[in-house]
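One-letter residues, chain by chain:
2 protein chains.
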Amino acid sequence: MANEKAKRTAITPTREQDYPEWYQQVVKAADLAETSPVRGCMVIKPWGYSLWENMQKVLDGKFKETGHVNAYFPLFIPVSYLEKEAEHVEGFAKECAVVTHSRLEVGPDGKLLPASPLEEPLIVRPTSETIIGEMYSRWVQSYRDLPILVNQWANVVRWEMRTRLFLRTAEFLWQEGHTAHATENEAREETIRMLKVYEDFARDYMAMPVISGKKTEGEKFPGAVDTYCIEAMMQDRKALQAGTSHFLGQNFSKASNIKFLSESGVQEYAWTTSWGVSTRLVGGLIMTHSDDDGLVLPPKLAPLHVVILPIIHSDSDRGKVLEYCSALEKEISSGGSVRVQVDSRDIRGGEKAWGWIKKGVPIRVEVGMRDISSDSLFVCRRDTGEKKSVSRAEFVSGLSDLLGDIQGNLLKRAEKYRNDNTVEIDTKEDFYSFFTPKNSKKPEIHGGFALTHFSGDPEVEDTLRKDLKVTVRCIPLEGDDSPGVCPFTGKPSRRRVIFGKSY
Amino acid sequence: MANEKAKRTAITPTREQDYPEWYQQVVKAADLAETSPVRGCMVIKPWGYSLWENMQKVLDGKFKETGHVNAYFPLFIPVSYLEKEAEHVEGFAKECAVVTHSRLEVGPDGKLLPASPLEEPLIVRPTSETIIGEMYSRWVQSYRDLPILVNQWANVVRWEMRTRLFLRTAEFLWQEGHTAHATENEAREETIRMLKVYEDFARDYMAMPVISGKKTEGEKFPGAVDTYCIEAMMQDRKALQAGTSHFLGQNFSKASNIKFLSESGVQEYAWTTSWGVSTRLVGGLIMTHSDDDGLVLPPKLAPLHVVILPIIHSDSDRGKVLEYCSALEKEISSGGSVRVQVDSRDIRGGEKAWGWIKKGVPIRVEVGMRDISSDSLFVCRRDTGEKKSVSRAEFVSGLSDLLGDIQGNLLKRAEKYRNDNTVEIDTKEDFYSFFTPKNSKKPEIHGGFALTHFSGDPEVEDTLRKDLKVTVRCIPLEGDDSPGVCPFTGKPSRRRVIFGKSY
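So the sequence lines, in the order shown, correspond to chains A and B.
If you read the first sequence in our numbering, its first letter stands for residue 1, the second for the next number, and so on.
If you read the second sequence in our numbering, its first letter stands for residue 1, the second for the next number, and so on.
To be clear, the hints were calculated from the coordinates, so they are not data collected in a lab.
Keep in mind that this is a model prediction, so the values were computed, not measured.
C-beta atoms are modelled at their ideal positions from N, C-alpha and C, and glycine is treated no differently.
Heads up, a few of these hints could be off.
Label-pair ranges, simulated between beta-carbon atoms [what the hints assert, rightly or not]:
id, chain 1, residue 1, chain 2, residue 2, range
1, B, T35, A, G349, 58 to 64 Å
2, B, D346, A, D31, 51 to 57 Å
3, B, R138, A, S433, 43 to 49 Å
Pairs of lysine-lysine, DSS-like flavour, derived with a Cα cap of 25 Å [unchecked claim]:
id, chain 1, residue 1, chain 2, residue 2
4, A, K84, A, K259
5, B, K28, A, K64
6, A, K254, B, K111
7, B, K57, A, K94
8, B, K94, A, K111
9, A, K491, A, K501
10, B, K412, B, K196
11, A, K111, B, K28
12, A, K64, B, K300
13, B, K428, B, K438
14, B, K330, B, K352
Can you build the whole structure from these sequences, using the hints too?
Structure, rendered in structure tokens:
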């Protein structure tokens with residue numbers, strides 16, 4: 001019987017049955033987003049967009065607290081700008097939207113055709129280092145003009161061949177910070193400061209534990225000196241790169257000619273950084289917490305904390321139950337910090353409750369005549385599935401703690417999953433075995449994070465990518481940093497790094 | 001002597017000398033925006049962007065209060081979508097950015113060339129009725145799915161030939177609301193509701209009085225049944241269309257096939273609306289209030305309400321003055337509603353004060369040793385230029401009222417200017433004379449709003465546009481609606497309409 005029950009899930013297939021399809025179904029069931037008729041571009045629906053809005057609000061506050069201001073730069077980048085930085089063009093020319101005309105005219109067959117060709121083609125920004133660098137070169141003359149600490153909220157386009165809602169789309173929304181400094185040290189400090197902002201945000205708001213680290217040469221941003229990242233583990237044990245912060249050295253300031261007269265009267269190139277997170281975070285949020293019944297949301301980012309469901313068995317009860325629910329809603333929301341809503345739609349109770357389960361609302365409260373007469377509420381937690389009757393007074397006074405408990409529980413659960421699937425591996429054989437699916441019934445869920453010594457040879461990375469689709473996710477900034485021996489080359493290794501499969 | 005003094009202005013030229021150039025110089029002096037190397041695209045600098053952010057915050061709140069939610073739709077629109085609505089394509093095909101390729105490759109001369117042509121070209125959205133309509137046709141099946149009340153914050157591109165910072169740029173930022181309803185009546189109510197939201201926002205936050213009205217057939221949005229607008233008068237007496245709200249009837253639902261099963265079981269087309277305001281509002285804000293010393297900001301949208309300027313005459317005073325200023329800043333900001341900052345940069349006092357004058361900060365407070373000893377402050381109002389010594393306690397306790405007074409004064413001043421330059425005109429001769437420059441020394445500033453009867457003939461509009469560059473700005477929704485005779489045709493007129501030159 002228990003077994004029978006366990007099989008009934010709101011999402012089909014389950015994570016174990018088909019993880020990628022489960023993800024698509026969770027997104028669909030929660031009405032978060034859908035594919036559009038424009039190749040690779042998604043439509044972010046209201047429930048999904050409100051998650052991004054909540055993330056934006058918190059991040060924007062953190063950027064401002066750390067001294068940054070927002071600005072806005074052009075969507076288009078002249079092709080000649082892209083050419084200025086050799087690695088950068090290599091990285092982005094392969095997949096970009098190219099604007100070549102500025103008008104449409106009716107062709108011989110009555111169809112609209114591109115007309116008025118541009119003198120120089122433009123690309124839709126895949127990232128804005130080059131166009132922002134050009135502006136900074138105009139703004140910066142003296143060390144007094146530095147630092148520049150600017151962030152931009154924008155859309156960007158990368159013409160990805162294989163797309164997946166939130167995780168990889170041709171167009172996505174993001175923020176990109178671009179800063180310029182007088183010294184290398186200051187720019188390096190900024191790079192790490194913003195990495196920490198991302199790490200704290202992921203942990204404290206998304207309840208998504210991340211490992212902060214540095215990318216290897218082969219995995220870094222095209223044009224960067226050093227790329228730092230936060231890496232999270234999803235429930236298929238793959239890594240999701242959730243945010244990056246780049247120390248760009250003087251590469252882009254040389255490409256864009258961002259020069260300044262130093263305090264000692266010498267012309268110098270500025271030191272720049274860039275850092276970004278995107279709507280991919282929404283994908284990470286979904287995959288970190290959701291279960292086979294759909295989306296599970298951490299309270300700090302949930303559009304709605306509590307949904308009140310009136311249970312009406314007869315028309316004569318309706319007025320009384322709705323009135324009670326409405327008063328409860330008012331009481332709960334009066335503090336201003338809890339987002340609550342009564343769902344009084346005239347649909348079946350089961351359908352209604354399951355709708356909110358699939359949408360991930362942290363707490364559901366059912367109110368029927370019996371509850372009213374005992375002044376109690378039937379309270380259901382989305383994260384644990386726990387359901388119990390609680391006195392109204394107790395619920396209201398304990399609600400803030402309950403939300404905090406849910407937030408904490410989600411983080412603890414995600415940490416446990418990550419830690420349970422992170423192992424130290426010291427031989428090539430164990431490494432290959434770890435990353436090879438064993439159970440043909442759930443081929444998608446296997447492996448995890450391998451903490452393995454690595455001598456840094458790019459050939460090893462190429463081989464592992466080819467053999468196992470495994471890459472170095474990052475060289476962690478913290479944790480055990482004792483040296484050892486690389487199992488792939490036998491050469492000395494400075495410390496263990498994180499290997500994993502990734503999105 | 002007074003005359004001498006009046007000639008010294010921070011902005012050259014003055015409004016009277018050369019209004020368009022004055023505008024550019026105000027934008028530059030306040031560091032609001034600048035042109036970019038990408039044709040027609042501007043860079044919105046931090047001070048300018050924070051004005052847009054403050055506008056967004058208020059408007060977004062008002063949209064949510066009126067039941068709307070945010071979502072996000074693709075940047076690109078397939079050309080075939082644009083073709084679905086005949087007037088719409090006519091309106092937007094003439095100037096749009098066309099994406100034709102998805103890759104760049106190195107050509108024979110070593111330069112990057114477009115590669116991988118798309119099967120169907122895409123245009124960068126100039127507005128999103130067609131792509132959003134396509135999605136709504138998927139989402140709407142039954143009357144239960146209606147209304148859809150969605151807004152999008154986004155960038156759009158219209159390949160304008162002559163651009164002007166904020167007022168007319170190839171790329172601009174805006175919001176576009178798109179709603180679908182089961183009945184004509186509901187859609188019409190929505191159209192007017194959002195027009196009123198814009199009207200209230202312009203008046204209550206921007207301190208910019210506007211006239212709400214309906215566009216004539218010739219001036220309406222391509223594809224709309226009715227276009228409503230808010231029109232404001234700038235200080236060169238030209239009209240700025242500051243926001244529009246369109247009743248689209250069933251035009252776009254027929255083009256996109258947004259059909260639903262009605263409550264009575266009949267397949268019907270939905271009734272849709274769209275409405276938008278853009279970064280053009282920032283241009284309107286600048287031109288409504290600024291003077292020959294630069295930007296003047298209404299407190300409700302100012303990034304900073306009060307700037308505290310320490311006056312330091314000797315190094316021995318420095319510590320004491322800065323400490324006093326810092327305590328004052330803390331006291332002022334403690335309530336949470338006043339945005340205040342101490343400017344302790346080590347530059348000349350005059351340069352510093354003028355910098356903030358040009359940036360439009362409502363209140364400057366100068367603090368020197370003499371002020372400290374008398375516990376008083378030297379307070380300067382940006383809007384009136386009034387400067388006086390006030391006791392610290394009086395200033396702090398009266399600050400909120402002072403900001404309210406400034407906000408009110410700006411609105412009153414703008415209303416007076418608009419009313420002074422709005423005249424009833426009843427003959428063709430007077431009309432032509434009104435819109436013809438008389439003073440060759442200030443050719444840009446003449447005319448105003450002419451309240452004139454109009455029979456509605458499109459030929460008259462064509463002639464006036466050709467002869468005088470004058471158009472019907474709107475048929476006002478309020479004010480004197482008594483009928484009369486059209487001075488251009490002698491035919492009967494339902495009511496006076498607003499004629500004007502425009503941006």
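Hint by hint, here is what the structure shows:
1. Checking the proposed 58 to 64 Å range against B/T35 and A/G349 shows it holds: the Cβ atoms sit about 60 Å from each other.
2. At about 56 Å, the CB distance of B/D346 to A/D31 agrees with the hint of 51 to 57 Å.
3. Remark: the range hint 43 to 49 Å for B/R138 to A/S433 is upheld by a beta-carbon distance near 46 Å.
4. Of the supplied pair hints, the one linking A/K84 and A/K259 holds, its CA atoms being roughly 16 Å apart against a limit of 25 Å.
5. Taken as a hint, the B/K28 and A/K64 pair is honoured in the structure, with Cα atoms around 24 Å apart against an allowance of 25 Å.
6. For the given pair, A/K254 sits about 20 Å from B/K111 by alpha-carbon distance, which is consistent with the 25 Å threshold.
7. Between the alpha carbons of B/K57 and A/K94 the distance comes to roughly 38 Å, so the proposed pair goes past 25 Å and is violated.
8. Straight-line distance between C-alpha atoms of B/K94 and A/K111 comes to about 14 Å, which keeps the hinted pair within the 25 Å bound.
9. Annotation: proposed proximity of A/K491 to A/K501 holds, straight-line Cα distance about 24 Å (limit 25 Å).
10. As the CA atoms of B/K412 and B/K196 are separated by approximately 20 Å, the hinted pair is consistent with the 25 Å bound.
11. For the suggested pair A/K111 and B/K28, the alpha carbons sit about 44 Å apart, so the restraint of at most 25 Å is broken.
12. In summary, the hint linking A/K64 to B/K300 is supported, as the alpha carbons are separated by about 20 Å, within the 25 Å threshold.
13. A hinted pair counts as satisfied when its Cα atoms are at most 25 Å apart, and B/K428 with B/K438 qualifies at roughly 17 Å.
14. The suggested pairing of B/K330 with B/K352 holds, with an alpha-carbon distance near 21 Å, which does not exceed 25 Å.
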